[in-house]
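Just so you know, the protein sequences line up as chains V and Y, in that order. Note that our numbering has the first sequence beginning at 1, numbered continuously upward. Note that our numbering has the second sequence beginning at 1, numbered continuously upward.
I should point out that these hints are in silico values taken from the structure, not numbers from a laboratory. The beta carbon of each residue, even a glycine, is placed where N, CA and C say it ideally should be. Please note that the accuracy of each hint is not assured.
Stated by the list, open to error - Simulated restraints on C-beta separations: (1) 107(V) with 54(Y): 19 to 29 Å; (2) 85(Y) with 124(V): 49 to 59 Å; (3) 54(Y) with 58(V): 37 to 47 Å; (4) 90(Y) with 147(V): 26 to 36 Å; (5) 124(V) with 91(Y): 31 to 41 Å; (6) 94(Y) with 22(V): 19 to 29 Å; (7) 88(Y) with 134(V): 42 to 52 Å; (8) 98(Y) with 153(V): 30 to 40 Å; (9) 67(Y) with 124(V): 22 to 32 Å.
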Amino acid sequence: MEEVLFFAAAIGALGGAIGVVAMRNPFYSVLALIVHLFSLAVLFLLLSSAFLAAAQVVVYAGAVMVLYVFVVAYVGGDQESAWEPIPGQQFLAPLLGIALFVELAIAVLGSSLVALGTEGPDVAPGFGDPAAIGTLLLERFLVAFEAASILLLIAAVGAVVLAGRHTPGGDAGASPERFAREESDASGASSQPLQRRVASEGEVPVAPPGGPA
Amino acid sequence: MSIEWYIVLSSLLFATGATGILIRRSPVVILLCLELMLNAGNLALIAFSRMVGNQEGQVFALIVMVVAACEVVIGMGLIVAIFRRKLPLDVDELRELRG
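Given these sequences and hints, build the entire structure.
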């Protein structure tokens, strides 16, 4: 039973990963990643870490993927161009990936870890449940917990600063609708110098033919 | 199932993610492939935590999830900012910083 579950989840995770890489449309890539994350949650359950499996489904496949779907829908899931800057990139990159896999496999399986071939020691029923992880996180790893919360806060503020409409800097928000808004705001006194400047710039090429006449 | 299987699967997923980063040119898909690599690392951490028999590796994996969430938020903010400035969403064309 465990073998069947492992191989089903492994095929799901691997298929999802290959789908992320191979799909031309970014929207389908995101959907393939959701399949991958659900399969990984099953693998986490098999490794008796129930809390992380739940966090994987709720946080990753739920919240983070909603963010991805939202951004892909916002920027538009257009296809990539077929233009290849590096010749042979599409053939070279999988070769490098296979080389990386062989290297990792040799490094792990060639190590002298005897326990790798076992299923691990027998653990108590409470292994990896929310109570155990929470106790560990709030007692022994309190500093890491606080650092993670500060990191999340900084990331949230940074995202607002990056993607906000009022970006600091001179020509930062040079989008047409921003110019249109600024022009509509500048009705009255400030539109007068703008018109005068445009008029004086228009006079410069017009003046030589107008001068002799 | 012995722990070896999980570790080999984790290396395979990591290599798939690295291949994706090398092949693809859309920043969104490159971030997705980064997620693949982070999740492969998480799987290895949890497998080793099960192998040793204590839960500290699981706390490590939880912190990795937090860092991945931060990375997604910042990456998506960058992509939205790039899109707003009408720049091409292609990492081979956004190369002003290359020396």
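Hint by hint, here is what the structure shows:
Range check, residue 107(V) to residue 54(Y): about 23 Å between beta-carbon atoms, so the 19 to 29 Å window is met. For the hinted restraint 49 to 59 Å between residue 85(Y) and residue 124(V), the CB-CB distance of approximately 55 Å keeps it satisfied. The given range of 37 to 47 Å is broken by residue 54(Y) and residue 58(V), whose C-beta atoms sit roughly 24 Å from each other. Roughly 35 Å separates the CB atoms of residue 90(Y) and residue 147(V), a value that falls within the hinted 26 to 36 Å.
Look at residue 124(V) against residue 91(Y): about 48 Å separates their beta carbons, and that is not inside 31 to 41 Å. Between residue 94(Y) and residue 22(V) the beta carbon distance is about 23 Å. The supplied range of 19 to 29 Å therefore holds. As the Cβ distance of residue 88(Y) to residue 134(V) is approximately 46 Å, the hint placing it in 42 to 52 Å holds. Between residue 98(Y) and residue 153(V) the beta carbon distance is about 32 Å. The supplied range of 30 to 40 Å therefore holds.
Look at residue 67(Y) against residue 124(V): about 29 Å separates their beta carbons, and that is inside 22 to 32 Å.
In this structure, the earlier hints numbered 3 and 5 are contradicted, and the remaining ones agree with it.
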